[in-house]
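Visitor: This is what each chain is made of:
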Amino acid sequence: MATTEQKKAPEQKKGIGSLVITVERCKGCGFCIEFCPTEALKFSEQYNAKGYHPPVLVSQELCNGCNICGLLCPDFAIYGFINRKKKQ
Amino acid sequence: MAEELFEIEESVPVNTVESFLRMERMPHIWCPGCGIGTTVNCFAHALETSGLDLQKVSVVSGIGCTGRVAGYINLDSFHTTHGRAIPFATGLKLANPELKVIVYSGDGDLTAIGGNHFIHAARRNVDMTVILINNFTYGMTGGQVAPTTPLSATASTTPYGNYEQSFNLPYLAESCGAVYVARWTAFHVRHLTKAIKEALAKKGFSFVEVLAPCPTLYSRRNKIGDGLDQMIYYKDNSEIRNGADTKTIPLEFQGKIVVGKFVDKERPTYLDAMNEFYQQKLGEDYIPYKG
Numbered sequence: 048m049a050t051t052e053q054k055k056a057p058e059q060k061k062g063i064g065s066l067v068i069t070v071e072r073c074k075g076c077g078f079c080i081e082f083c084p085t086e087a088l089k090f091s092e093q094y095n096a097k098g099y100h101p102p103v104l105v106s107q108e109l110c111n112g113c114n115i116c117g118l119l120c121p122d123f124a125i126y127g128f129i130n131r132k133k134k135q
Numbered sequence: 004m005a006e007e008l009f010e011i012e013e014s015v016p017v018n019t020v021e022s023f024l025r026m027e028r029m030p031h032i033w034c035p036g037c038g039i040g041t042t043v044n045c046f047a048h049a050l051e052t053s054g055l056d057l058q059k060v061s062v063v064s065g066i067g068c069t070g071r072v073a074g075y076i077n078l079d080s081f082h083t084t085h086g087r088a089i090p091f092a093t094g095l096k097l098a099n100p101e102l103k104v105i106v107y108s109g110d111g112d113l114t115a116i117g118g119n120h121f122i123h124a125a126r127r128n129v130d131m132t133v134i135l136i137n138n139f140t141y142g143m144t145g146g147q148v149a150p151t152t153p154l155s156a157t158a159s160t161t162p163y164g165n166y167e168q169s170f171n172l173p174y175l176a177e178s179c180g181a182v183y184v185a186r187w188t189a190f191h192v193r194h195l196t197k198a199i200k201e202a203l204a205k206k207g208f209s210f211v212e213v214l215a216p217c218p219t220l221y222s223r224r225n226k227i228g229d230g231l232d233q234m235i236y237y238k239d240n241s242e243i244r245n246g247a248d249t250k251t252i253p254l255e256f257q258g259k260i261v262v263g264k265f266v267d268k269e270r271p272t273y274l275d276a277m278n279e280f281y282q283q284k285l286g287e288d289y290i291p292y293k294g
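Protein chains in written order, with our numbering: chain A, 48 to 135; chain B, 4 to 294.
Be a bit skeptical, because a hint or two may be false.
Over 10 Å on every C-beta distance to chain A, these chain B residues come out as not near it, computed from the model [as the list claims (entries may be wrong)]:
| id | residue |
| --- | --- |
| 1 | T52 |
| 2 | D56 |
| 3 | Q58 |
| 4 | N77 |
| 5 | A115 |
| 6 | S159 |
| 7 | Y163 |
| 8 | C179 |
| 9 | K200 |
| 10 | D248 |
| 11 | T251 |
| 12 | I260 |
| 13 | A276 |
| 14 | Y281 |
| 15 | Q282 |
Straight-line C-alpha distance at most 27 Å; calculated DSSO-like pairs for lysine-lysine [as the list claims (entries may be wrong)]:
| id | chain 1 | residue 1 | chain 2 | residue 2 |
| --- | --- | --- | --- | --- |
| 16 | B | K200 | B | K293 |
| 17 | A | K89 | B | K226 |
| 18 | A | K97 | B | K226 |
| 19 | B | K238 | B | K197 |
| 20 | A | K89 | B | K238 |
| 21 | B | K250 | B | K238 |
| 22 | B | K268 | B | K205 |
| 23 | B | K206 | B | K250 |
| 24 | B | K259 | B | K200 |
Distance windows between CB atoms, simulated [claimed, not checked]:
| id | chain 1 | residue 1 | chain 2 | residue 2 | range |
| --- | --- | --- | --- | --- | --- |
| 25 | A | R131 | B | E255 | 44 to 50 Å |
| 26 | B | L154 | A | K97 | 33 to 39 Å |
| 27 | A | Y94 | B | N119 | 46 to 52 Å |
| 28 | A | G98 | B | K59 | 39 to 45 Å |
| 29 | A | G98 | B | D56 | 40 to 46 Å |
| 30 | A | V105 | B | N77 | 31 to 37 Å |
Everything labelled a hint here was simulated from the structure, so no lab data went into it. Built from N, CA and C at the ideal position, the CB exists for glycine as well.
Extracted from the complex, chain A is given alone in its bound form (with noise of 0.2 Å):
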């Protein structure tokens, strides 16, 4: 069941970038999914409450953080950085 939170993707293994996916906010155009470079987004089996199939990462690693589905986005629900490091 897809939460109305923002929530981060999930991090199973440590890639160049994350992403943060606003399900509620999407409409399921498709854009994100289509144009990512590494390909590395898909649909999600799930729905939101909109009753659309939001995009999930198909692999934390593949997101190399470039933003261009935050640039895509027509809804402003998805936006992709790059990991920095962490500040001991």
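Please build the complex by placing chain B on the supplied structure of chain A, with the hints as guidance.
Guide: Here is chain B on its own, set in the frame of chain A:
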């Protein structure tokens, strides 16, 4: 080593676009697959990197789907009457020349009802940036034929296909005297962001045409798929030709799309021309107008 370099951050950075939007109004009214939201992303990124003082930026929109942008952008913005975005923006600029005035509206609003204002603002070279989202139809009112609807495309008022010659907007803008003319599509997000940034930095009438899919009323009626199909079509059929002669780049129904930056020249703006002219005529008696 690589793992050390790219450790996951503990605090997730916020989406920078959201600071430019009135998030309490989300979700917006645009259909799934509509390209207007994509252009707003590019606009927000261009504003962010432009270094402009946001207290001195104002956005003016007319009526239509794209006209909603003024209501969603978290800047001083005004949603004017149909077609009158450019006159309103001209007034803003003349009353307060310090302002950076941006007109963000659709093809029907700016070139049909507001067509006369468009050509005269370009002729006078009023210092403003015009971002025109061209979705080839009147989206909000039911898909009527617009001055930008290509020949043979179906609209609700032309059920057998459009027989009117459509506008070639970069050519129109250049021939009227615009100093910056570019055309991109909603697919070319990086190019579009750069073009908007250049247009914002340009002094004078700068014009950016952005082709955007209208899945509900243009694509569906013409049986050319949904928003995503249109974006893939833009990707496959666009040709970047910077500096092309604007006369040679009309849009055809599902034809090749020539995109790029076509015009980038210098010309005195309306206020500069006025001040210079009166200074020549009246000499020291004239106090230059600075708002």
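Visitor: Now tell me if each hint is right for this structure.
Guide: Taking the hints in turn, this is what the structure says about them:
| no. | hint | result |
| --- | --- | --- |
| 1 | T52 | holds (13 Å) |
| 2 | D56 | holds (24 Å) |
| 3 | Q58 | holds (23 Å) |
| 4 | N77 | holds (12 Å) |
| 5 | A115 | holds (24 Å) |
| 6 | S159 | holds (23 Å) |
| 7 | Y163 | holds (30 Å) |
| 8 | C179 | holds (31 Å) |
| 9 | K200 | holds (13 Å) |
| 10 | D248 | holds (30 Å) |
| 11 | T251 | holds (29 Å) |
| 12 | I260 | holds (17 Å) |
| 13 | A276 | holds (37 Å) |
| 14 | Y281 | holds (45 Å) |
| 15 | Q282 | holds (45 Å) |
| 16 | B:K200 <-> B:K293 | holds (25 Å) |
| 17 | A:K89 <-> B:K226 | holds (26 Å) |
| 18 | A:K97 <-> B:K226 | holds (25 Å) |
| 19 | B:K238 <-> B:K197 | holds (18 Å) |
| 20 | A:K89 <-> B:K238 | holds (20 Å) |
| 21 | B:K250 <-> B:K238 | holds (23 Å) |
| 22 | B:K268 <-> B:K205 | holds (9 Å) |
| 23 | B:K206 <-> B:K250 | holds (24 Å) |
| 24 | B:K259 <-> B:K200 | holds (26 Å) |
| 25 | A:R131 <-> B:E255: 44 to 50 Å | holds (47 Å) |
| 26 | B:L154 <-> A:K97: 33 to 39 Å | holds (37 Å) |
| 27 | A:Y94 <-> B:N119: 46 to 52 Å | holds (48 Å) |
| 28 | A:G98 <-> B:K59: 39 to 45 Å | holds (43 Å) |
| 29 | A:G98 <-> B:D56: 40 to 46 Å | holds (43 Å) |
| 30 | A:V105 <-> B:N77: 31 to 37 Å | holds (34 Å) |
Of the numbered hints listed earlier, not one is contradicted by the structure.
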